[in-house]
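Participant: So you can see what is in the structure, the chains are spelled out below.
2 protein chains.
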Amino acid sequence: MAEKVKRIALLGSTGSIGRQTLDVVRALHRRFKVVGLAAGSNLKLLCEQAKEFTPEYICYARSDNKAARDAIAALDCKFLPLEEMASRKEVDVVVIATSGLAGLGAVLAAVKAGKTIALANKESLVAAGAIITAEAEKNKARILPVDSEHSAIWQCLRGEKQPPRRIILTASGGPFLDYPPEQMNSITVVQALAHPSWKMGKKVTVDSATLMNKGLEVIEARWLFNIPIEDVKVLVHPQSIVHSMVEFADGSAKAQLSRPDMRLPIRYALTYPNRLPNNDLPGLDWDNFSDLEFRQPDIKKFPCLSLAIAAGKKGGTFPAVLCAADEVAVGLFLREKIGFTDIPRVVDKVLQKHDNVSSPSLDDILAADKWARQTALETARSILK
Amino acid sequence: MAEKVKRIALLGSTGSIGRQTLDVVRALHRRFKVVGLAAGSNLKLLCEQAKEFTPEYICYARSDNKAARDAIAALDCKFLPLEEMASRKEVDVVVIATSGLAGLGAVLAAVKAGKTIALANKESLVAAGAIITAEAEKNKARILPVDSEHSAIWQCLRGEKQPPRRIILTASGGPFLDYPPEQMNSITVVQALAHPSWKMGKKVTVDSATLMNKGLEVIEARWLFNIPIEDVKVLVHPQSIVHSMVEFADGSAKAQLSRPDMRLPIRYALTYPNRLPNNDLPGLDWDNFSDLEFRQPDIKKFPCLSLAIAAGKKGGTFPAVLCAADEVAVGLFLREKIGFTDIPRVVDKVLQKHDNVSSPSLDDILAADKWARQTALETARSILK
Numbered sequence: 006m007a008e009k010v011k012r013i014a015l016l017g018s019t020g021s022i023g024r025q026t027l028d029v030v031r032a033l034h035r036r037f038k039v040v041g042l043a044a045g046s047n048l049k050l051l052c053e054q055a056k057e058f059t060p061e062y063i064c065y066a067r068s069d070n071k072a073a074r075d076a077i078a079a080l081d082c083k084f085l086p087l088e089e090m091a092s093r094k095e096v097d098v099v100v101i102a103t104s105g106l107a108g109l110g111a112v113l114a115a116v117k118a119g120k121t122i123a124l125a126n127k128e129s130l131v132a133a134g135a136i137i138t139a140e141a142e143k144n145k146a147r148i149l150p151v152d153s154e155h156s157a158i159w160q161c162l163r164g165e166k167q168p169p170r171r172i173i174l175t176a177s178g179g180p181f182l183d184y185p186p187e188q189m190n191s192i193t194v195v196q197a198l199a200h201p202s203w204k205m206g207k208k209v210t211v212d213s214a215t216l217m218n219k220g221l222e223v224i225e226a227r228w229l230f231n232i233p234i235e236d237v238k239v240l241v242h243p244q245s246i247v248h249s250m251v252e253f254a255d256g257s258a259k260a261q262l263s264r265p266d267m268r269l270p271i272r273y274a275l276t277y278p279n280r281l282p283n284n285d286l287p288g289l290d291w292d293n294f295s296d297l298e299f300r301q302p303d304i305k306k307f308p309c310l311s312l313a314i315a316a317g318k319k320g321g322t323f324p325a326v327l328c329a330a331d332e333v334a335v336g337l338f339l340r341e342k343i344g345f346t347d348i349p350r351v352v353d354k355v356l357q358k359h360d361n362v363s364s365p366s367l368d369d370i371l372a373a374d375k376w377a378r379q380t381a382l383e384t385a386r387s388i389l390k
Numbered sequence: 006m007a008e009k010v011k012r013i014a015l016l017g018s019t020g021s022i023g024r025q026t027l028d029v030v031r032a033l034h035r036r037f038k039v040v041g042l043a044a045g046s047n048l049k050l051l052c053e054q055a056k057e058f059t060p061e062y063i064c065y066a067r068s069d070n071k072a073a074r075d076a077i078a079a080l081d082c083k084f085l086p087l088e089e090m091a092s093r094k095e096v097d098v099v100v101i102a103t104s105g106l107a108g109l110g111a112v113l114a115a116v117k118a119g120k121t122i123a124l125a126n127k128e129s130l131v132a133a134g135a136i137i138t139a140e141a142e143k144n145k146a147r148i149l150p151v152d153s154e155h156s157a158i159w160q161c162l163r164g165e166k167q168p169p170r171r172i173i174l175t176a177s178g179g180p181f182l183d184y185p186p187e188q189m190n191s192i193t194v195v196q197a198l199a200h201p202s203w204k205m206g207k208k209v210t211v212d213s214a215t216l217m218n219k220g221l222e223v224i225e226a227r228w229l230f231n232i233p234i235e236d237v238k239v240l241v242h243p244q245s246i247v248h249s250m251v252e253f254a255d256g257s258a259k260a261q262l263s264r265p266d267m268r269l270p271i272r273y274a275l276t277y278p279n280r281l282p283n284n285d286l287p288g289l290d291w292d293n294f295s296d297l298e299f300r301q302p303d304i305k306k307f308p309c310l311s312l313a314i315a316a317g318k319k320g321g322t323f324p325a326v327l328c329a330a331d332e333v334a335v336g337l338f339l340r341e342k343i344g345f346t347d348i349p350r351v352v353d354k355v356l357q358k359h360d361n362v363s364s365p366s367l368d369d370i371l372a373a374d375k376w377a378r379q380t381a382l383e384t385a386r387s388i389l390k
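Quick note, the sequences are listed as chains A and B, same order. Each number in my numbering corresponds to the 1-based position in the first sequence with 5 added. Each number in my numbering corresponds to the 1-based position in the second sequence with 5 added.
Extracted from the complex, chain A is given alone in its bound form (with noise of 0.2 Å):
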């Protein structure tokens, strides 16, 4: 217990990774400080938060108005903006469990202090990868991923000299994957909010039952390990208990395998190098350990794993764009404005009208991303008619 205590600012505290992080540092209590919480939404828990937690800094993203603002000044803690808090001289890791492009700046802000940052935001990846990781580098920030998927690749790799030779990014597949095709554009939003095996959040649930969810680690995977896409191969493994593989050049491979619960991989992004004893996670039953299946993702019946693919090898703005279209699209879908299978045709299409801009800057994936909102918002509209 000797260690230091690690400081943590923890973005996006509220949603379903940033609860389940909370859960860890209540369990390693003696291990970490929490000095900075900050949410989108859901005042009520921020508020219980910082009670418990008593960070100095707070953010909330809807403070403009009174209530809000009289809630968060109650709290005894100083207001910070995101990026500000993302690169405070006193943080030693940031966790981004921001949902969608909201949280970019403050991973742009905490690369560019050299901060350690706990990534469980994918989209900043996805959308911006070459920036991030070009300034990671350049500033000795190190990203550590926090998703099941690159949690277990980053473990495969642990220890590893050469680079793999390929990735095999395993997927459960979702509720779909034995729904029958021609019903695909019936299903409803409670059908696809029930995912088999992970609890999470409702638009990366929507989005694993798409398998966009897929796709967009697939692009997360080609900056975190800086592997070829091509070299990023997808599985379909539906009980979720290898959460991915890597091929290393000799031929010999490694699989990462546990309960599916994210506070393994928050756990192990937070207290690496080390794995601390867990008794709140028993191991896999081994007395009971049963069969592996795997399967060939079918891309006929999932359209978006193939536009996530093909989007990631074109790269330029089209990834920011992909990403875009499919937040417009699973909103609609979630407020019932559009159809399951209407959220592939949607993201095809604003994909089709874009016009790429290769090597973009900043500014140019915040105007892709503004554009494909509006281009997608049109297209459903344009379906819907």
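Fair warning: there could be bad hints in the mix.
The list cannot tell twin chains apart, which means a pair is met if one copy fits it or any two copies do.
Taking lysine-lysine and the BS3-like style, the derived pairs with C-alpha atoms no more than 27 Å apart in a straight line are [said to hold, decoys possible]:
#1 K117 to K354
#2 K318 to K11
#3 K166 to K145
#4 K145 to K11
#5 K208 to K305
#6 K38 to K166
#7 K83 to K94
#8 K306 to K318
#9 K305 to K358
#10 K318 to K238
#11 K94 to K38
#12 K354 to K238
#13 K143 to K358
#14 K38 to K49
#15 K238 to K305
#16 K207 to K83
Honestly, the hints are just simulated from the structure, not real lab data. This structure is a prediction, so every number in the text was calculated from the model and none was measured.
Following the hints, put chain B in place on chain A, whose structure we already have.
Facilitator: Chain B only, in chain A's frame:
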């Protein structure tokens, strides 16, 4: 290619692992120089190997006849006893691929000389694990596993700072996994030698069929990875793709996967800490990756597994007795003197008759080995009556 050439002494060069080791050396010839070759049988092959690899030193166990002496003399190599070859100054890595306890003296000589040892011989470690590992630690010798299972564990532990919480040794289950239990006593030698996934020597192939091999590996794992036998679990995995798994303190586990080809673990041990590109051995066929099957071992049908684990837990001279009795019993089976199910019967009876010596000296171990061989022969005779 600027790396230092590793100078290898290969003990047991004409056996299955020995020949595959030379395959690896042939493929990576610039990185290795074979300085010594030793064999216990197959003089013709030894001479061919000596002509191809031009070692400085040679050893042949059966050189007590003129023809053998003449053949060796014609080779332009210096004859050296096994122990001396294993400890020569100019040797960087000693590959121990001898069978049975014949290599024990050489293993001890190598650890005492502080060598790096690529160990493919199970029996030395099973019988004298406490002595070998203590000497290795004292003399800063490194023991690198060559067995596919232990190589897998070693690969999974790569870069990890904490000891494993559990080791999961996988077993193919051998050719009789689904064989009717009531017909086990009529298994022929030809049937027992037809292993479904691995090409190996006769003794180890029969040991795989009885699961004795897995039991010996449990004891081996105990010494190689300093883990209580209670924390080593055996799982049957018929495809032999997952070569073993390791569970860590945090509830995460890693597995190593590859095609079943002994050249991979041999190569890994010889080139460690590097992994060299390997065009001879393709990776797994991810485009046709199938389900991985796992089941619990049937200890009623395969009593050798429990006998070995029990002997390992008792410790002392029991593991040496286990090895020796098994070697005699398998030898008798291969010569069709006893039946397949007589193998565990003989081993069990010998173990039951044994008076244990705890914390045995090398002499105690050799005496127990001798006693067990004699007692196994007597026991087999009494079974046949």
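Participant: If the cut is 27 Å between Cα atoms, do K143 and K358 qualify within a copy, between copies, both or neither?
Facilitator: Neither way: K143 and K358 sit 35 Å apart in one copy and 70 Å across, limit 27 Å.
Participant: Within a copy, between copies, both or neither: which one fits K145 and K11 at a CA-CA cutoff of 27 Å?
Facilitator: within (18 Å within a copy, 36 Å between copies)
Participant: Checking an output row: K318 and K11, CA cutoff 27 Å. Within, between, both or neither?
Facilitator: Intra 38 Å, inter 42 Å, cutoff 27 Å: neither.
Participant: If the cutoff is 27 Å on CA atoms, where do K354 and K238 land: within, between, both or neither? Let me know, please.
Facilitator: within (25 Å within a copy, 53 Å between copies)
Participant: How would you label the pair K94, K38 (within, between, both, or neither) given a Cα cut-off of 27 Å?
Facilitator: within (14 Å within a copy, 54 Å between copies)
Participant: At most 27 Å between C-alpha atoms: does K83 with K94 qualify within a copy, between copies, both, or neither?
Facilitator: within (15 Å within a copy, 67 Å between copies)
Participant: Give the relationship of K38 and K49 under a CA distance limit of 27 Å: within one copy only, between copies only, both, or neither.
Facilitator: Close inside one copy (21 Å), not across copies (70 Å); limit 27 Å.
Participant: Is it within, between, both or neither when you check K306 against K318 at 27 Å Cα-Cα?
Facilitator: within (21 Å within a copy, 53 Å between copies)
Participant: Within a copy, between copies, both or neither: where do K117 and K354 come within 27 Å Cα-Cα?
Facilitator: neither (35 Å within a copy, 71 Å between copies)
Participant: Have a look at K305 and K358 and pick one of within, between, both or neither, based on CA distance no larger than 27 Å.
Facilitator: This pair counts as within: shortest intra-copy Cα distance 22 Å, inter-copy 67 Å.
Participant: As a check of your reading, is K166 near K145 (CA-CA no more than 27 Å) within one copy, between copies, both or neither?
Facilitator: both (19 Å within a copy, 23 Å between copies)
Participant: When Cα atoms must be at most 27 Å apart, do K318 and K238 count as within-copy, between-copy, both, or neither?
Facilitator: within (13 Å within a copy, 43 Å between copies)
Going through the hint list in order, the structure does not satisfy hints 1, 2, 13 and 16.
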